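Protein chains in written order, with my numbering: chain A, 1 to 390; chain B, 391 to 697.
No lab work stands behind these hints: they were computed from the structure.
If you're wondering where the values come from, they're calculated on a predicted model, not measured in any experiment.
It cannot be assumed that every hint is accurate.
With the C-beta cut set under 8 Å, the calculated list includes, among others, these residues of chain A facing chain B [to be verified]:
hint, residue
1, 15
2, 17
3, 376
Simulated coverage check for chain B against chain A, where a stretch passes if three residues somewhere in it have a Cβ under 8 Å from a Cβ of chain A [said to hold, decoys possible]:
hint, stretch
4, 483-491
5, 666-679
Glycine is no exception: its CB is placed at the ideal position from the N, C-alpha and C atoms.
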Amino acid sequence: MTAWQTIALITRREIRSRVLSKAFLVGLLVTVLVIFGVFGIAAAVSSDDPIRVGLVGQQPEGARENLEIIGELDETTFDVTEFSTRSEAELAILDGDLDGAIVDGKSLVMRETDPELVGLVTPAWQQASLIEELADAGLSTSEIRTALTQAEPLAIVELEPDPESGAKEAVAFMSVILLFISIQVAGAYIMMGVFEEKTTKVVELVLSSVQARHLLGGKIIGVGVLGIVQVAALALSAIVAASIFGSSALPALSPVLIGTGLIWFVLGYLLYGSVFAAGASLAPRQEDAQSTLGPVSLILMISYFGAIFAASDPESTLARVVSWLPITAPFAMPGRIASGDALWWEVIGAMVLTAATATLVLLMAERIYVRSIIHTDRKLGWREAWSLQS
Amino acid sequence: MLDIADLTKSYGELLAVNDVSLSVARGRIVGFVGPNGAGKSTTMRSIFGLVEPDAGSIHWDGSPVTHAHLSRFGYMPEQRGLYPKMRIQEQVAFFAQLKGVERKEAGRRAGDLLDSLGLGDRLNDPLEKLSHGNQQRVQLAVSLVNDPELLVLDEPFNGLDPVAVNTLQDVLEERVANGSGALFSSHQLDLVERICDEIVIIVNGSIQASGSVADVRASTGQRHLTVTVDRPLMPLADAIDRPLVSSSTSEAVMLIDSDEQLDQVLTQARSVGMVTRFDYDLPSLQEVFTHIADDANQPTAANEDVR
């Protein structure tokens, strides 16, 4: 038996036992459903429901036609109903059957001020009224039309045109959250796996044929493979959900983001997972683990909030710092990549730095794990385990 | 053949194992006997590298035991433990694979072995669904599944019902008849006496006696004496000035240490009545063990006795 054959056996057992467990499958399913839910809700909120406008009394000529033209320009449809009295229209508004009513071409009645409605309706009526006023002043209709078409609106000049900035920000947040969840879940799996072996004492039997480092290696690889599958599944469901619901976030879910996201998962997982493994190896019982791993969980949470904070303001100094810092980079940098604010050399540099840190931490964790896993009788401290005889 | 030589291991101040030497030849069953905490488990765990000894050596067939040898050994730890949610056939096969048995062969062997241990209809049950006794059988299957050349069983009879004890005894004898060596520890001296070819007694980390059952029973130099008198003038016990194992008016049973004592007891018995029985034999293993353990717990006496 070579070392790799041994590691492969451990890896295989680890994957089989997790994949077949209900917790893993249910967890994955729930996350996929949540992703579909998020895109579904976003699509529903920004849906193309027609704006329902009521008309009461006399309206300026052409106002209604103007509304149709504005609606076409704005990709909005209007559902126009005529009411015979103002009170009927007001009742419909209060019942929620109507978004607003225009009374006698003079007032716009709404439940409360709706800027979108005001912005769309006002120009239609103003222009119509203007034409009526000018006609009253003696100008012919054709003169008025000519004058109006010559009066060009202000030309729009964009310095940094980015029609998807909102979508990018949303994808950035989602990347941070999903990577955090994936790394935390994988870390928890590692921790539970090490625990299970230590508390059931099966580790004594395993170590009577296998070296501790191979057991640790097989476990880390096994859970890591599952984690990669999970992250890939989440990315895929995000893409599928975005295309089904026609989300504007679709272009932001680029292969670059997903590819680097997978790399960041692996780096973050190695960094945190190995610490969780070492911590779990110190504690013979679940209760002992709380105190041993408490500080690690705290660091993980703080890193997460730092990354979320950075995602909300990706160009800030804080965002730059946390996207370079190895303990936060695996969550923070993907956010900056998604929002398009990270330069390629920053990404590579942070990856190298995190990989180097993860390697160092992994080696330290291995030392602790190998020395402490066999002591199933008592709780060890980090420092005590570090200096134990192997 | 397993050779442990001059093994020493201490944990801080505590000397767990002190200069322990023992061997287990192929085809032999060696019983490892001693009170709790005497160093049995430490010695057994060091065979598998689970304990790093401070001094001493462990050889198998003349070469130092390394990780490569472990696939040829089978082990049942004192702290039983398996994967609770793993199906038992898959579990036994997994441990066989860790010992280098090819996957299909491992599955087949695991099935056969569990079947022979009476678990043939539970192969796809997770371990945690089994009773405590049946979990012990799975544990035994794990230790046997690689057809080990050396079996090391730490308190294998603990927690077994009488039927399982007989099964385990049969399995051990069958494996040893096929050329394996076996080392097992136990508190149950009657079992040890019945099963073992050789015995090693360890107390406080040091070996106090070892050899065949007969050798060990002779090792203290004591004799187990039974005296009976006819028509006693007074209770026999009153006439004999030695501690007695048991007595009645006309019979006394005791352990004696020398020929002088033997002669003395005969004279004293004759003063009570006609001696109708005066027979001695080697003490039982239980008596030898008690004697050794008591001596070892009185340091000065132990030193005189052992060296």
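So, going through the hints one by one against the coordinates:
no. : hint    : result
1   : 15      : violated, 13 Å
2   : 17      : holds, 6 Å
3   : 376     : holds, 6 Å
4   : 483-491 : holds (count 6)
5   : 666-679 : violated (count 0)
Hints 1 and 5 from the earlier list are contradicted by this structure; the remaining hints agree with it.
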